[in-house]
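Asks: Model the full structure from these sequences, guided by the hints.
4 protein chains.
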Amino acid sequence: MNITLKQAQDVILAAKEKAIALNTKMNITVVDSGANLVAFARMDEAVLGAIDISLKKAKTAILFKKDTEVLGQLSQPGSALFNIEHSNGGLITFAGGMPIHNLKGNIIGAIGISGSSVANDKAVAGAGILAIKAP
Amino acid sequence: MNITLKQAQDVILAAKEKAIALNTKMNITVVDSGANLVAFARMDEAVLGAIDISLKKAKTAILFKKDTEVLGQLSQPGSALFNIEHSNGGLITFAGGMPIHNLKGNIIGAIGISGSSVANDKAVAGAGILAIKAP
Amino acid sequence: MNITLKQAQDVILAAKEKAIALNTKMNITVVDSGANLVAFARMDEAVLGAIDISLKKAKTAILFKKDTEVLGQLSQPGSALFNIEHSNGGLITFAGGMPIHNLKGNIIGAIGISGSSVANDKAVAGAGILAIKAP
Amino acid sequence: MNITLKQAQDVILAAKEKAIALNTKMNITVVDSGANLVAFARMDEAVLGAIDISLKKAKTAILFKKDTEVLGQLSQPGSALFNIEHSNGGLITFAGGMPIHNLKGNIIGAIGISGSSVANDKAVAGAGILAIKAP
Chain A
4 MNITLKQAQD VILAAKEKAI ALNTKMNITV VDSGANLVAF ARMDEAVLGA
54 IDISLKKAKT AILFKKDTEV LGQLSQPGSA LFNIEHSNGG LITFAGGMPI
104 HNLKGNIIGA IGISGSSVAN DKAVAGAGIL AIKAP
Chain B
4 MNITLKQAQD VILAAKEKAI ALNTKMNITV VDSGANLVAF ARMDEAVLGA
54 IDISLKKAKT AILFKKDTEV LGQLSQPGSA LFNIEHSNGG LITFAGGMPI
104 HNLKGNIIGA IGISGSSVAN DKAVAGAGIL AIKAP
Chain C
4 MNITLKQAQD VILAAKEKAI ALNTKMNITV VDSGANLVAF ARMDEAVLGA
54 IDISLKKAKT AILFKKDTEV LGQLSQPGSA LFNIEHSNGG LITFAGGMPI
104 HNLKGNIIGA IGISGSSVAN DKAVAGAGIL AIKAP
Chain D
4 MNITLKQAQD VILAAKEKAI ALNTKMNITV VDSGANLVAF ARMDEAVLGA
54 IDISLKKAKT AILFKKDTEV LGQLSQPGSA LFNIEHSNGG LITFAGGMPI
104 HNLKGNIIGA IGISGSSVAN DKAVAGAGIL AIKAP
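Chains as they are written, first to last, in the numbering used here: chain A, 4 to 138; chain B, 4 to 138; chain C, 4 to 138; chain D, 4 to 138.
Rather than coming from a laboratory, the hints here were simulated on the basis of the structure. Please note: incorrect hints may appear among the correct ones.
Said to hold, decoys possible - With a cut-off of at most 27 Å between alpha-carbon atoms, the simulated DSSO-like pairs for lysine-lysine come out as follows:
hint : chain 1 : residue 1 : chain 2 : residue 2
1    : C       : Lys136    : D       : Lys19
2    : B       : Lys19     : B       : Lys125
3    : B       : Lys68     : B       : Lys107
4    : A       : Lys9      : B       : Lys19
What the hints assert, rightly or not - Cβ pair distances, simulated, as ranges:
hint : chain 1 : residue 1 : chain 2 : residue 2 : range
5    : D       : Ile110    : B       : Asp47     : 54 to 64 Å
6    : D       : Met4      : B       : Val50     : 47 to 57 Å
7    : A       : Phe85     : B       : Val50     : 36 to 46 Å
8    : A       : Lys9      : B       : Leu51     : 17 to 27 Å
9    : B       : Leu16     : C       : Ile23     : 48 to 58 Å
10   : C       : Lys136    : B       : Ala24     : 51 to 61 Å
All C-beta atoms, glycine included, are put in the ideal place defined by N, C-alpha and C.
Replies: What follows is the structure, given as structure tokens:
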């Protein structure tokens, strides 16, 4: 079960509105359940280095079906998944990547947000995934 | 001078409408004048292999400020730019990538379309770049 | 707004003079505001492994509009951006990469220095960015 | 035996003067005999896609101790080295890359030029390698 383009664009719109409310400039990625790109938007003046981080956060979240923040805790020195970031062509494991669920609770894709503080990235990702209306 | 997100989303919308008119499923990429991703949309059921082709067509068109189709003619065996595709992390040099101009004629970005026949890809790209309204 | 080749060569000359004053052999990279290479110089006998570090420091500084040293503090284990270095094809986040401003305060590019101790790399980068004379 | 930075900068200066005489905007790369970057300059307004082509032409010329144009003839369909461009992280095999000899005839590095027609690229590379004065 995969997120549709319509749903992905709704997620991007909701994330963008939250980003504006926080006075930030974000890169917003949505991937499907196969980790393939569905939709992307870079807000004007968002820093260039955050494009790839946004893409990698979304990819990371769907590849492991986890918030990137959770993986980040598990990949600290001495922890179970230390340096897992070297796999899959590069992962990003700080907050801002989250699986997207439909109303039945199935994972249908993931969002990746980058462009501001990690706390803001997380808040914007959290706002984005609430935009899903279909079961 | 760079395309804005609003302009890029207008380009994607126009391209998508043309794709629907042609009964095709397209991947649509818009990059800015620095070859950085601004917006992307994959229509439902578009083939996965065309995501990267769409990205690379847009990148190719802006990196050389040319329609990808023109580069494709120049890169045939025996021609001046044979195998230029090995540069810049991989280029795509068949039709479907085009620079985007503003109303003053300045290049502000590029579009890359992939998902159907090359003729359809080209038609959809051509429809997309007409969506720019601002000078 | 982008650094010119003339400005980039002035930056390289100033950095090289500082490197000589410190009795070091440096690799010196200047990129523009889009993270594209503008000018590079490797001083005779500089270690080969520092070529890529110099390139990546300049790229890192412009992609995030920050001194690489600042990113290095934020990417320590347990910190907000731990392992950000896996993005953008590889970042370098210790000192020696700095944005370059024009006299109006706009970021027009970045410098990356590598070849000696990190303290020396930083000192040479700092000398380089002072060479900008134009607004 | 390796080209020095001073020699490489002389090569770049001579190439740049030729490029100006031809009314072109070039990317100019000089590598040493180990295929490592020594110096680079991008003239203002040179197309971005030609940066990497310039780098790869210089690399290709030194890796095989041949003009890139010669390799291009050998790598056509049906010829001995067809698709050699897939090696070494990507080669460019049309004209514009040339070994640099010292006055004794030893190869000390290579130049790579990209940014205009292949004929102009070749003319500028040829002008650059004449700048070597030392034995």
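Asks: Return the numbers of the hints above that this structure violates; sort them in rising order.
Replies: Hint check: nothing fails, all pass.
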